[in-house]
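Each chain is listed here by its residues.
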Amino acid sequence: MAALCLGAAGALQAADLKTLDSEVFDRLAKKAKESVNITLDGGMLKAAKGFIPSDEPDSAKIRKLIDGLTSVSVRSFEFGTPGAYTQADLDSILKLVDGTTWRRIIDFKEEQGSTKIYLLPGADKPMGVFVLAAEPEELTVVQIDGPISLDDLSSLRDLGVDIGDVARKQTEKK
Amino acid sequence: MNLEVNLRAALRREAPPADFADRVLARVKAKKRRPLRPWMAIAAALAAAAIIPAAYEHHESAKKERAREAARELTVALKIAGQKLHWTQQKIRRRADGV
Numbered sequence: 001m002a003a004l005c006l007g008a009a010g011a012l013q014a015a016d017l018k019t020l021d022s023e024v025f026d027r028l029a030k031k032a033k034e035s036v037n038i039t040l041d042g043g044m045l046k047a048a049k050g051f052i053p054s055d056e057p058d059s060a061k062i063r064k065l066i067d068g069l070t071s072v073s074v075r076s077f078e079f080g081t082p083g084a085y086t087q088a089d090l091d092s093i094l095k096l097v098d099g100t101t102w103r104r105i106i107d108f109k110e111e112q113g114s115t116k117i118y119l120l121p122g123a124d125k126p127m128g129v130f131v132l133a134a135e136p137e138e139l140t141v142v143q144i145d146g147p148i149s150l151d152d153l154s155s156l157r158d159l160g161v162d163i164g165d166v167a168r169k170q171t172e173k174k
Numbered sequence: 001m002n003l004e005v006n007l008r009a010a011l012r013r014e015a016p017p018a019d020f021a022d023r024v025l026a027r028v029k030a031k032k033r034r035p036l037r038p039w040m041a042i043a044a045a046l047a048a049a050a051i052i053p054a055a056y057e058h059h060e061s062a063k064k065e066r067a068r069e070a071a072r073e074l075t076v077a078l079k080i081a082g083q084k085l086h087w088t089q090q091k092i093r094r095r096a097d098g099v
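So the protein sequences, as listed, match chains L and G. Residue 34 in our numbering sits at position 34 of the first sequence, with consecutive numbering throughout. Residue 30 in our numbering sits at position 30 of the second sequence, with consecutive numbering throughout.
For the record, the hints were derived by calculation from the structure and aren't laboratory data. Do not rely on the hints blindly, as some may be mistaken.
[What the hints assert, rightly or not] In silico DSBU-like cross-links for lysine-lysine, where the CA-CA straight-line distance does not exceed 30 Å:
hint : chain 1 : residue 1 : chain 2 : residue 2
1    : L       : K61       : G       : K64
2    : L       : K95       : G       : K91
3    : G       : K64       : L       : K49
4    : L       : K109      : L       : K46
Full structure from sequences and hints, please.
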């Protein structure tokens with residue numbers, strides 16, 4: 001009975017990219033040409049909401065999107081050459097969601113690379129989205145916790161923000 | 001034998017003088033009653049008046065900078081997430097269309 005309870009608690013436990021920083025992501029960041037490591041909790045999201053520039057074309061959409069979110073995490077790596085990450089790395093990342101209440105909705109495989117998308121089921125809309133996109137020279141993991149519209153999210157693809165600029169700033173900070 | 005006697009004499013318990021406790025208390029009271037000099041009070045007030053607003057301003061500006069940085073990071077995080085979702089949708093559509 002105790003084992004059953006522990007199992008249920010484990011299945012409900014939310015994935016957390018931070019738990020893999022020392023095991024996987026920090027090592028990959030050392031191999032990467034550019035890397036982005038973002039973790040924003042509910043407090044930071046609330047604070048950030050008031051500072052999204054009003055001249056940002058999609059500022060209203062972003063403000064609406066982040067309402068109710070409890071965390072946003074991204075780990076993204078651009079390597080100069082293929083083979084920087086292993087299948088074992090991908091397996092470690094997927095352990096965060098496989099066998100939990102997260103449901104895989106897309107498993108798209110290409111000749112080189114794959115994309116897996118998981119959702120945390122909710123009443124009206126998903127209560128979270130988890131993306132693992134693995135390409136030969138690039139690896140991206142995204143986790144958003146809280147009620148989220150995938151249509152609104154996928155419409156935010158060109159915000160005029162230079163990802164490389166953020167990556168460079170993060171590299172300089174190190 | 002003499003040594004033992006001498007040691008015992010040296011380590012023998014002795015009661016403190018009768019006014020020992022009163023003298024200690026009187027000293028403590030005297031120290032407590034020392035008044036704060038006016039110039040010290042003014043200097044402390046001036047220092048507090050100068051430091052507190054500056055420290056508050058520094059704290060507020062650091063908080064704003066952190067929030068601005070969080071807004072930048074949030075925008076990038078959502079852009080990355082949006083791109084990945086959009087590209088995956090496009091690839092699935094293309095495959096479904098046989099392109």
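Please work out if L/K109 and L/K46 have their alpha carbons no farther apart than 30 Å.
-> violated, 36 Å
When you check the alpha-carbon spacing of G/K64 and L/K49, does it fall within 30 Å?
-> holds, 12 Å
Given the proposed pairing of L/K95 with G/K91, does the C-alpha separation stay at or below 30 Å?
-> holds, 25 Å
Would the pair L/K61 and G/K64 pass a check requiring their Cα atoms to be no farther apart than 30 Å?
-> Measuring from Cα to Cα gives roughly 22 Å; hence the hint holds.
Figure legend: structure checked against the earlier numbered hints; the only hint not met is number 4.
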